[in-house]
Amino acid sequence: MIGLLQRVSHASVVVDGATVGAIEGGLLVLVCAEKGDTEREAEALLAKLLGYRVFADAAGKMNRSVTDTGGALLLVPQFTLAADTRSGTRPSFSPAASPQDGQRLFEHVVRQARARHGKVETGQFGADMKVSLTNDGPVTIWLRVDPVVVSR
202 MIGLLQRVSH
212 ASVVVDGATV
222 GAIEGGLLVL
232 VCAEKGDTER
242 EAEALLAKLL
252 GYRVFADAAG
262 KMNRSVTDTG
272 GALLLVPQFT
282 LAADTRSGTR
292 PSFSPAASPQ
302 DGQRLFEHVV
312 RQARARHGKV
322 ETGQFGADMK
332 VSLTNDGPVT
342 IWLRVDPVVV
352 SR
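If you read the sequence shown in this note's numbering, its first letter stands for residue 202, the second for the next number, and so on.
Hints in this document: simulated from the structure, not taken from any laboratory. Warning: the hint list may mix true and false statements.
[Stated by the list, open to error] Derived DSS-like pairs (lysine-lysine); straight-line CA-CA distance at most 30 Å: (1) Lys331 to Lys249; (2) Lys320 to Lys249; (3) Lys320 to Lys236; (4) Lys262 to Lys249; (5) Lys249 to Lys236; (6) Lys236 to Lys331; (7) Lys320 to Lys262; (8) Lys331 to Lys320.
[What the hints assert, rightly or not] Computed spacing ranges between beta-carbons, pair by pair: (9) Thr290 to Gly319: 35 to 45 Å; (10) Arg291 to Glu225: 35 to 45 Å; (11) Val221 to Ser288: 16 to 26 Å.
Ideal Cβ placement from N, Cα and C applies to all residues, glycine included.
With the hints as constraints, model all of the structure from the sequences given.
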């Protein structure tokens with residue numbers, strides 16, 4: 202699973218002219234499932250996102266998480282994060298999970314986030330989305346949770 206985390210003072214997602222998700226201070230997170238990902242990786246990514254310390258403490262150091270600050274989450278499905286760009290000038294999206302698996306895992310992350318955090322908005326899976334944000338800092342961090350290989 203991949204998450205591109207951006208600390209924002211405002212972010213929104215518009216589909217067909219209608220706002221489907223919007224937050225004030227918090228994290229905009231583009232979320233991508235890759236082949237081989239399961240609910241285990243989805244939950245590990247969410248735990249990382251909720252605990253990642255990208256907000257300033259009283260001394261101005263990035264020591265506080267979105268959970269600590271009570272900020273909101275805007276989770277946006279984004280399969281292009283899995284792009285393989287190693288050759289040529291056109292990305293390959295073969296590392297991305299199938300649309301069915303991607304949607305299932307994205308919806309799992311959203312359900313778990315709402316159960317654990319509360320302030321959660323989303324984009325719309327499979328839609329042509331217009332994402333607007335004011336990146337605060339700017340702070341943008343790429344997180345990845347690799348599939349767990351279980352040996353027998």
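Looking only at beta-carbon atoms, does the pair Val221, Ser288 fall within the given range of 16 to 26 Å? violated, 36 Å
Hinted pair Lys320 and Lys262, Cα distance within 30 Å: holds, 24 Å
Is Lys320 within 30 Å of Lys236, Cα to Cα? holds, 29 Å
Given the hint that Lys331 pairs with Lys249, does the C-alpha gap stay at or below 30 Å? holds, 26 Å
Range agreement (Cβ of Gly319 with Cβ of Thr290, hint 35 to 45 Å): holds, 43 Å
Holds or violated: 35 to 45 Å for the Cβ distance of Arg291 and Glu225? Distance hint for Arg291, Glu225 holds at roughly 37 Å.
30 Å limit on alpha-carbon distance, applied to hinted pair Lys249 and Lys236: holds, 20 Å
Does the alpha-carbon distance linking Lys331 and Lys320 stay inside the 30 Å limit? Cα-Cα ~21 Å, so holds.
Between Lys236 and Lys331, is the straight-line Cα distance small enough, at 30 Å or below? The hint holds at about 26 Å.
Quickly compare the C-alpha distance for Lys320 and Lys249 to 30 Å and report which way the hint goes. Distance of about 17 Å is within 30 Å: holds.
Is the Cα-Cα distance between Lys262 and Lys249 30 Å or less? holds, 19 Å
Hint check: a violation occurs at hint 11 only; the rest are consistent with the structure.
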